[in-house]
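Q: Next come the chains, spelled out residue by residue.
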Amino acid sequence: DTAVSQTPKYLVTQMGNDKSIKCEQNLGHDTMYWYKQDSKKFLKIMFSYNNKELIINETVPNRFSPKSPDKAHLNLHINSLELGDSAVYFCASRNNQRETQYFGPGTRLLVL
Amino acid sequence: KQEVTQIPAALSVPEGENLVLNCSFTDSAIYNLQWFRQDPGKGLTSLLLIQSSQREQTSGRLNASLDKSSGRSTLYIAASQPGDSATYLCAVRRVFYGNNRLAFGKGNQVVVIP
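As given, the protein sequences belong to chains A and B, one line each in that order.
First residue of the first sequence? That's 1 in our numbering, and the numbers climb one at a time after it.
First residue of the second sequence? That's 1 in our numbering, and the numbers climb one at a time after it.
Be a bit skeptical, because a hint or two may be false.
As the list claims (entries may be wrong) - Facing chain A, a subset of chain B residues (Cβ under 7 Å, in silico):
1. 32
2. 42
3. 43
4. 44
5. 46
6. 49
7. 68
8. 71
9. 101
10. 104
Hints were generated in silico from the structure; no laboratory data involved.
Each residue gets a CB set at the ideal place from its N, CA and C atoms; glycine is no exception.
Using the sequences and the accompanying hints, generate a full structural model.
A: Below is the structure:
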């Protein structure tokens, strides 16, 4: 069974469009994260939610809006996509009693 | 601001050789350090986690050491196998109450040649 899943796996879209990426974890974890890995392979945190509440919001354009409908889901909506948004977006989750984060397979976003 | 550097960026070794991957970080006030493995087209898998009070952790052929005062960690992989080919990422958790913010390096891209 997949622990942390993301949909879609690949996303190719035009500049200016609005798109969403979904993440679900079936581990019963309390905290979920969104990371961005750019073309230079740097992995940077974007957002973190704990029990549906936002606890980390790094310097990310407000075109990016996370939404956590429940503890098992953390979705990422991106408005007015730009070329620089092209990257791999990873979702992760963690049990608050433990340190290890579990990552999803990533969503490869290409903005044309 | 915590900066994490990994050297070398890429390396190739023949099967059977030992691998030595280096990670350095600028702020020694860390809570813990983790090594992850990333396979092409896949997510990250946690390999080892070292708490700031620990000097090393071992799992099978993997051994990670931590020298917090000098801001360094080393991942040793003994008797490398082609299946060890992947990118290895080092990440440090900064000491910051209330969150689990990780700062990642760019990774060591490893190819083990059969």
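Q: Hint by hint, note whether the structure agrees.
A: Hint check results:
The interface hint given for residue 32 of chain B holds, since its Cβ lies 6 Å from the closest Cβ of chain A, which is under the 7 Å cut-off. The interface hint given for residue 42 of chain B holds, since its Cβ lies 5 Å from the closest Cβ of chain A, which is under the 7 Å cut-off. Here the hint on residue 43 of chain B is kept, as its CB sits about 4 Å from the closest CB of chain A, short of 7 Å. Of the supplied interface hints, the one on residue 44 of chain B holds, with its beta-carbon coming within about 4 Å of a beta-carbon of chain A, less than 7 Å.
With a least beta-carbon distance of about 5 Å to chain A, the hint placing residue 46 of chain B at the interface is held under the 7 Å criterion. Checking residue 49 of chain B against chain A by beta carbon gives a least distance of about 6 Å; that is within 7 Å, so the hint holds. Below 7 Å, beta-carbon pairs count as interface contacts, and residue 68 of chain B has none with chain A, the closest being about 16 Å; its hint is therefore violated. Residue-level restraint check for residue 71 of chain B is violated (minimum Cβ-Cβ distance to chain A is 19 Å; threshold 7 Å).
Annotation: interface hint on residue 101 of chain B holds; nearest CB of chain A at approximately 6 Å, less than 7 Å. The criterion of a C-beta within 7 Å of any C-beta in chain A is met by residue 104 of chain B, whose closest approach is roughly 4 Å, and the hint holds.
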